[in-house]
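Undergrad: This is what each chain is made of:
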Amino acid sequence: MTDIFQLDGANIPFEPGQTVMQAALTAGHYIPHLCYHPEFKPHGSCKVCTVKVNGRTAASCTMPAEAGLNVESNIEEMNGLRRTLVQMLFAEGNHFCPSCEKSGNCMLQALGYDLEVHTAGFRHLYPDRPLDASHKDILLDFNRCILCELCVRASAEVDGKDVFALSGRGITKHLIVNAESGLLKDTNIALTDKAMQVCPVGVILPKRVGFSIPIGKRRYDQRPVSAQALDDAPRQADASGSCDVCEGTP
Amino acid sequence: MAADSEMQTTGLDSILDRYARDPNALLQVLREVQELHGYISSAAIGHIGAKLGIPHARIEGVASFYSFLHLRPHGEYRVLFSDNITDRMLGSQALMEQMCQQLWLQPGKVSEDGLVSINTTSCTGMCDQGPAMLVNGRAITKLTHQRVQEIGHLIRNRTPLADWPADFFRVEDNIRRSGPLLDNSIAPGDVLRAVIESGKDVVEAVKQSGLRGRGGAGFPTGQKWEACRNAPGAARHVVCNADEGEPGTFKDRVLLTRQADLVFEGMTLCALAVGARHGYLYLRGEYRYLLEPLQGVLQRRRDSNLLGKNILGQTDFDFDIAIHLGAGAYICGEESALIESLEGKRGVPRSRPPFPVTHGYLQQPTAVDNVETFCSATLAIQMGAEKFRAIGTERSSGSKLISVSGDCPRPGIYEYPFGVSVRQVLQDCGAVNTRAVQISGPSGMCIAESEFGRKLGFEDLPTAGAFMVFDDSRDLFEVARNFVHFFAHESCGFCTPCRVGTSMLKQTMDKIAAGHGTRHDLNEIEHLDQVLQTSSHCGLGRSACNPVLHTLKRFRPAYENRLKSLDFEPAFDLDGALARARQMTGRDDAGAHLKTEET
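Just so you know, the sequences run in chain order A and B. Heads up: the first sequence begins at 317 in our numbering, then just goes up one per residue. Heads up: the second sequence begins at 117 in our numbering, then just goes up one per residue.
No wet-lab data here; the hints were simulated from the structure. There could be a bad hint or two in this list.
[Unchecked claim] Straight-line C-alpha distance at most 25 Å; calculated BS3-like pairs for lysine-lysine:
1) B:167 to A:501
2) B:323 to B:571
3) A:533 to A:477
4) A:501 to A:533
5) A:452 to A:510
6) B:167 to A:477
[To be verified] If you only want the chain B side, here are some residues facing chain A, beta carbon under 10 Å, derived:
7) 172
8) 614
9) 643
Every residue, glycine too, gets a C-beta built ideally from N, C-alpha and C.
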């Protein structure tokens, strides 16, 4: 017999150790998210997946599933909150979708469309974030970074390389690379690294393959992000256990 | 270049050896390198990384998290003015301006000769003797125009800090009212010896005393120790939270100065209760000057067999305490962030549950308590539950130290039984014409005159101890704006709502201050509050809007007087945008300004 909790009125079965997000996605139910990735242990920094659990708010990606929970996700109160959080991320960085190579494959953009974020909402901060084009095969455009830490985790846990890390504090927090020069060319990153594949936005890009798939035919051009929930369902029962590099994890 | 990098790695090995090349000691190593060289060079990071087995980028990430660590040369003399509202009320801003002029320097920049930098820092815990500053991490109090001028001369003459007048560094205890805690006559080891001889159950004794945590949250201490004792784990730890960062609070500083034995005795009792062998005192970097005296007390206790192996002859009772210094991060006062920092990482709060009592330091059961809590625990055990409970109120037993600062003639430390009214404290410190009191710091409550009958205690006004007084000459909008800047500066940046939201809130408050505010902005504040309350990762984000909400509710005219009557007004200021051009051309005449059209 499996245990069950309620998500927007639906019965969601879960395995012990699963979080609300993992159980929901496995059952084919989408909860909007950005920093969650099925292959990594969730850490709950973007807060886009915030839901109401028995009347109190919690990040669903880190909230342990429990029998009998009443989870509300697709309600205006939570979607309104998500809209604001997405607006905050847009205002924090420099996101110019029309000229971005990731347009159509970008989760932040897809979420913006799906949640119907129609206005900027906040004054943009326009931070100064220079590119790193030093590497012969890879471009880093920090302007688009949403600090989800997925590349940090992928590089440390899967690639065993620690190419990326976070630096600074508060609004000055930013992504750095592991080199005394501070340049990507002096790291041991490779095109085949897992860290190359996990960026939900357009920070880490392989050079010379831009626009090989035309805009309009890309992942989220086909179907909205909410219709692709199963693609994000946990792929490993025990998504990488320990993580001493990423923040916020117990 | 080779000589340069050699210079930057000298002395590193002896520091690393002192910490047994333990990667968990990274922050302590970095802090000592900062003290030795004035900054942490890339070469030093490379050297440390190779010896500790930590990637370069991760060390850079840790160093950049803490305000007092610098990755680039930051001046031989690094001057930081304490920027709490109480320092400002005592004139700190004018003093900083004076010093910048004297030394030909802009705030935040290093002088061209690399001699000095001047900036602000969050409250340094000297609110009763401000304005205060830190120079190369050393606290200086009671700043005046004259004192600032003298400091300017000393810096210009490159006088070593050790040769500066001792008077500059004097920190007063300012005890204005004492009670059972401050008046105690417990000799070091007394309580510990009595407990061991009688075989008393410490957890039971603390539970019965009704003692609740003095850090503000008020969790029952006995219950916490019991949970830690019962949690499975290979080892257990005791941590004393002396990261007293809440602006307006300074009672832990006084306890560590005068009652260090009581603190360490409490930690040792806790160790006995939970079965811990290692204890840590996490001392905020601002109290760096207390490190050597505290080390002295620890050594004395080791010599008296109150710490170390077989304490007081008890076989298997081994316990020792190490002091870890913080490096300028308010968030490390949050217990799980503090543990991350103890482990040498960025001080980011963990997701909870699990809580530190089961998964704390090195994922092992850990009891984390405030300085005053450990003192009160020792006292409660010595007095006995009945006598201890007779002090204070039903749900708040014992006494509480209050740090009084702001508009009153007698700022300092006041010990009261719980249940004392705000009015009583105001009367005792001599405050007159009081408009508002900020209870328990920016994350606490701002209350107005009609509420001065309210009582300090967990039943009504819970407090970690800060008590900032504002008289009727003060502008409560500016008070709230100072606190909002504080939260934005101290946000760790982990979660979106707090990282971005506190900056947006700061922008909005600055917009209102600049005279561009509208009703739309007040609505935006309420909206931000909702987002921060419902989705922040920890208490910092959840309370970041409190100063604004509390003052808006009670002192709305302070805001409305500043608003334009329009529904919306852009923050963009055409004339303001020319400021940089004016600075570059050295002009400030009428022709260099755009005139705002009056309509």
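Undergrad: Under 10 Å, Cβ to Cβ, is where residue 614 of chain B needs to be relative to chain A, so tell me if that hint holds or is violated.
TA: 8 Å, holds
Undergrad: Given the proposed pairing of residue 501 of chain A with residue 533 of chain A, does the C-alpha separation stay at or below 25 Å?
TA: Between residue 501 of chain A and residue 533 of chain A the Cα gap is close to 32 Å, so the pair fails against 25 Å, i.e. violated.
Undergrad: Would you check the hint for residue 533 of chain A and residue 477 of chain A, treating anything up to 25 Å between C-alpha atoms as holding?
TA: Violated - the C-alpha atoms of residue 477 of chain A and residue 533 of chain A are around 34 Å apart, more than 25 Å.
Undergrad: Can the restraint linking residue 167 of chain B and residue 501 of chain A be considered satisfied, given a maximum Cα separation of 25 Å?
TA: 24 Å, holds
Undergrad: Check whether the Cα positions of residue 167 of chain B and residue 477 of chain A lie no farther apart than 25 Å.
TA: Status holds; Cα separation ~17 Å.
Undergrad: Tell me if the straight-line CA distance from residue 452 of chain A to residue 510 of chain A falls inside 25 Å.
TA: 18 Å, holds
Undergrad: Using the nearest Cβ pair, does residue 172 of chain B come within less than 10 Å of chain A?
TA: 5 Å, holds
Undergrad: Is the interface hint satisfied for residue 643 of chain B? The criterion is a beta-carbon contact with chain A at less than 10 Å.
TA: This hint holds: residue 643 of chain B lies near chain A, its Cβ roughly 7 Å from the closest one there, short of 10 Å.
Undergrad: Has the given pair, residue 323 of chain B with residue 571 of chain B, been kept, meaning a C-alpha gap of at most 25 Å?
TA: 24 Å, holds
Of the numbered hints stated above, those contradicted by the structure are hints 3 and 4, listed in ascending order.
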